[in-house]
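Engineer: For this one, chain A is given, so just place chain D on it according to the hints.
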Amino acid sequence: MAIPLKYNLRNLAVRRTTTLMTAFSITLTVTVFVVLMALARGLETSLSATGHPLNLLVMRDGSQSETQSSVQRDSLQVIRYLEGIAKNEKGEPWVSPELIVLINLPRRGQAQGSNVTIRGLTPAGFGLRPEFKVVEGRQFRSGLREVIVSKKISDRFQNCGLGDKVKFAKGYWTVVGIFEVGNTAYASEIWTDPEDLGQDFDRDAYSSVFLRAVDSSTLNRLKQQLADDRRLHLKAQTEREYYEKQTSSAAPIKALGIFIAGLMAIGASFASMNTMYAAVARRTKEIGALRVLGFSRGSILLSFVIESVLIALVGGAIGCLLALPVNGVTTGTTNFTTFSELAFNFRVTPRLLLNGMIFAVLMGFIGGLFPAWRAARENIVTALRST
Amino acid sequence: MWDKEYLKMWRLLLKNLFRNKRRTLLTASSVAVSLFLLSWLAIVYTALGAPLQNADTIPIMMVRRSAGIIFPLPMSYGARIRTVPGVVACASLSWFGGYWKDPANQFANFAVDAENVFAVQFASSIPPEQKEAFVRDRTGAVVGRKLATRFGWKVGDRITLLGSPWGFTPELTLRGIFTGGPEDHLWFHWEYLNESIGRLNQVGLYWVRLDKPENASRVGQTIDQMFRNTGNETKTESLSAFLLGFIALLGNVRLIIAIIGSAVTFAILLVVANTMAMSIRERTSEAAVMRSLGFRAGHILGLFVGESMLVTLAGTLVGVGGAKLLSNALALSNITQFVFADMRMRPETLAFCSGLALFIALLASGWPAYRAARVNIAEALRYTG
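As given, the protein sequences belong to chains A and D, one line each in that order.
Its first residue numbered 1, the first sequence is counted upward by one per residue in this note's numbering.
Its first residue numbered 388, the second sequence is counted upward by one per residue in this note's numbering.
Any given hint could turn out to be false.
As the list claims (entries may be wrong) - Keeping only pairs whose Cα atoms sit at most 25 Å apart, straight-line, the calculated DSS-like set for lysine-lysine is:
id: 1; chain 1: D; residue 1: Lys488; chain 2: A; residue 2: Lys245
id: 2; chain 1: D; residue 1: Lys541; chain 2: D; residue 2: Lys599
id: 3; chain 1: A; residue 1: Lys151; chain 2: A; residue 2: Lys165
id: 4; chain 1: A; residue 1: Lys167; chain 2: A; residue 2: Lys151
id: 5; chain 1: A; residue 1: Lys87; chain 2: A; residue 2: Lys170
id: 6; chain 1: A; residue 1: Lys170; chain 2: D; residue 2: Lys622
id: 7; chain 1: D; residue 1: Lys622; chain 2: A; residue 2: Lys167
id: 8; chain 1: A; residue 1: Lys6; chain 2: A; residue 2: Lys285
id: 9; chain 1: A; residue 1: Lys165; chain 2: D; residue 2: Lys622
id: 10; chain 1: D; residue 1: Lys518; chain 2: D; residue 2: Lys533
id: 11; chain 1: D; residue 1: Lys391; chain 2: D; residue 2: Lys402
id: 12; chain 1: A; residue 1: Lys133; chain 2: A; residue 2: Lys90
id: 13; chain 1: A; residue 1: Lys235; chain 2: D; residue 2: Lys488
id: 14; chain 1: A; residue 1: Lys133; chain 2: A; residue 2: Lys151
id: 15; chain 1: D; residue 1: Lys518; chain 2: D; residue 2: Lys541
id: 16; chain 1: A; residue 1: Lys285; chain 2: D; residue 2: Lys408
id: 17; chain 1: A; residue 1: Lys235; chain 2: A; residue 2: Lys245
id: 18; chain 1: D; residue 1: Lys488; chain 2: D; residue 2: Lys541
It is worth saying that the hints were derived from the structure and are not from the lab.
Extracted from the complex, chain A is given alone in its bound form:
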């Protein structure tokens, strides 16, 4: 027969200071765990959520990133007339040649700068990113040195607000619009006209070519066709594959999160062990009485473990609540594959909160097990005689 849960709850209420202090050390551990994992998750999401499944990215064979790649203009003509490319609304092949350059811009409130991707692309390219929309101002016009800046870059970098003039290459460029592209890697870029950009950076070739396949079977055929054409030295991969490969940059953050939270968890379990040992010592007589009433050693053990887990659950729940506000907060780091700024949001997902709670329960369980074991082994007679 199990000891009623009410017994544990009332005990916790009586020792509320100790209960809360123990719960709070678990809270801190869970908060740090959830926040660091939300950071890793946000970084991963911004990369893995990038890309329409039917979009192909064509780069020079052997390049790791668009920055290092180059595609000649005559190769573009070959690509344009490959079979299996979807047509856009004008009936032309849906192909977007794009030019990538990196520039160094100062972050807001910091002297040190970071590298930001500037992408030159045509309207065909906007259509290939379904989440794209201009939220403030207007679209850029070609030939006028106009740029549109993503919301995240605009918020985080100097001279990138609507109407500002940002200096790079051979002079000043006017910010005429602010755009959003969902939670994708493109949300950390500045976009402009490819011809304007090429002229300023003396670049004749494009960096990469994006295209939309008709369906998934033609997708693979297109890849094969490009790989087989020895003249081109090009390689095609889906846009998703390209960004998915970069998610490994979140691995160090995850490892760090587990290391830090792990060490904090050891500290917190010791604290809850202390609390539970004290609880057992104070209630030795009660334990004897419970045994006399017919509760088994097993139910005593269970009761104390449950009590410890209850403390941990309270702590874990507060920890998750404390971590919640971080959801959606924007931060940024350098994506070392492209060597440019990647701005992303912390993402606290339900799954992550569940992991946080499991983590808390684990701490409570470990902290409660040994004291509960001791309580269960108590000899009835000596327990009853104890003061």
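Structural biologist: For chain D alone, coordinates are given in the frame of chain A:
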């Protein structure tokens, strides 16, 4: 007289400490683990803020394009930089980014101005015949001691660098191994790279050796002034400023570390406070008995606060000491490099962590101890727990 009393109190304090051995041990271990973590956070925090030891005394500067480290400079700049008074030597260096055999074998490899590189990197020493062999062989390479140990390379080995974004696969012969300076680098001839990629005559950066470190700001300004209003404006900065620029790319890492550090500190406070609250509550009536025997409130207060200090101190010794030992071991094995080149526990870090721990101990025990010391004796004697 006072001394004797003092000694007695000490014995009482120690006795109390060992009254509940398990609790003392658990609390001290919890503090130890947390302080170990806190020390490491502090080590990384300081290393990211000041990546080089004695940064002001290193007479080496870096010249890069002001537009950003990703843009190249013309190789013709080298000759002009050498004419600046205060410049002793100048060598170009271009990041190559290859790996050896397996993409997991990433390391720092650069195409450099072979003739001048050792004049700039004066801290790197190499046997003269090895240096000469390297300079003579267009496809020759030299590596630092750390790197040679890591991959088991010997002079005469053939090294092929794969996977570079330059799209060129150099086949190199190891001509020498240097000690001191950037020991995790591989250097090969810039000419070899330049010829293979179609003579763009561009380099990544220039390393500049100064006659005196005090001349740094003057030389830096002169160089940058010289190339102002050209298509390739330069930015000349000290080695440590250069590294700080790199660290800035990582984003707000220091802020995140500081936030985690405060959470850890608060957690230690809770653990110690909880222990002290429990042990003081259990001894409420005992304290009252002592008071009625003639011990003053100050004695009681001192006993409890002292106990908290001792437990925390034990944990601190193990935790901070462990972190110190580990950081020493890591520094000896030379595995930290580049932006983490100077990952040691600096004296100020040590003092900070220990001071913080003792402050926590004081804070954690102060209030409950004060209450226990000031309690009404008659009431406390009736207290049954």
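Engineer: Now tell me if each hint is right for this structure.
Structural biologist: Hints, one by one, checked against the model:
The hinted pair formed by Lys488/D and Lys245/A meets the criterion: a straight-line CA distance of about 20 Å does not exceed 25 Å. The suggested pairing of Lys541/D with Lys599/D is violated, with an alpha-carbon distance near 36 Å, which exceeds 25 Å. For a cut-off of 25 Å, the pair hint linking Lys151/A to Lys165/A stands: about 16 Å separates their Cα positions. Pair hint Lys167/A plus Lys151/A holds up; C-alpha atoms about 18 Å apart against a cutoff of 25 Å.
Annotation: proposed proximity of Lys87/A to Lys170/A is violated, straight-line Cα distance about 36 Å (limit 25 Å). For a cut-off of 25 Å, the pair hint linking Lys170/A to Lys622/D stands: about 17 Å separates their Cα positions. Distance restraint check for Lys622/D and Lys167/A: the Cα-Cα separation of roughly 16 Å lies within the 25 Å cut-off, and the hinted pair is therefore satisfied. At most 25 Å may separate the alpha-carbon atoms for a hinted pair to count; Lys6/A and Lys285/A meet this at roughly 18 Å.
Simply put, Lys165/A and Lys622/D have alpha-carbon atoms about 22 Å apart, close enough for the 25 Å limit, and the pair holds. Between Lys518/D and Lys533/D, the direct Cα distance comes to roughly 18 Å. Compliance with the 25 Å bound is thereby established for this hinted pair. Our distance criterion of 25 Å between C-alpha atoms is met by Lys391/D and Lys402/D, whose separation comes to about 17 Å. For the hint pairing Lys133/A with Lys90/A, the CA-to-CA distance comes to about 20 Å; that is within 25 Å, so the pair holds.
Between Lys235/A and Lys488/D, the direct Cα distance comes to roughly 22 Å. Compliance with the 25 Å bound is thereby established for this hinted pair. Under the criterion of a C-alpha separation no larger than 25 Å, the hint pairing Lys133/A with Lys151/A is consistent with the structure, at around 11 Å. Between Lys518/D and Lys541/D the alpha-carbon distance is near 15 Å, which keeps this suggested pair within the 25 Å criterion. Taking the CA atoms of Lys285/A and Lys408/D, the gap is near 22 Å; set against the 25 Å cutoff, the hint holds.
The hinted pair formed by Lys235/A and Lys245/A meets the criterion: a straight-line CA distance of about 15 Å does not exceed 25 Å. With a C-alpha separation of about 16 Å, the suggested pair Lys488/D and Lys541/D falls inside the 25 Å cut-off, and the hint holds.
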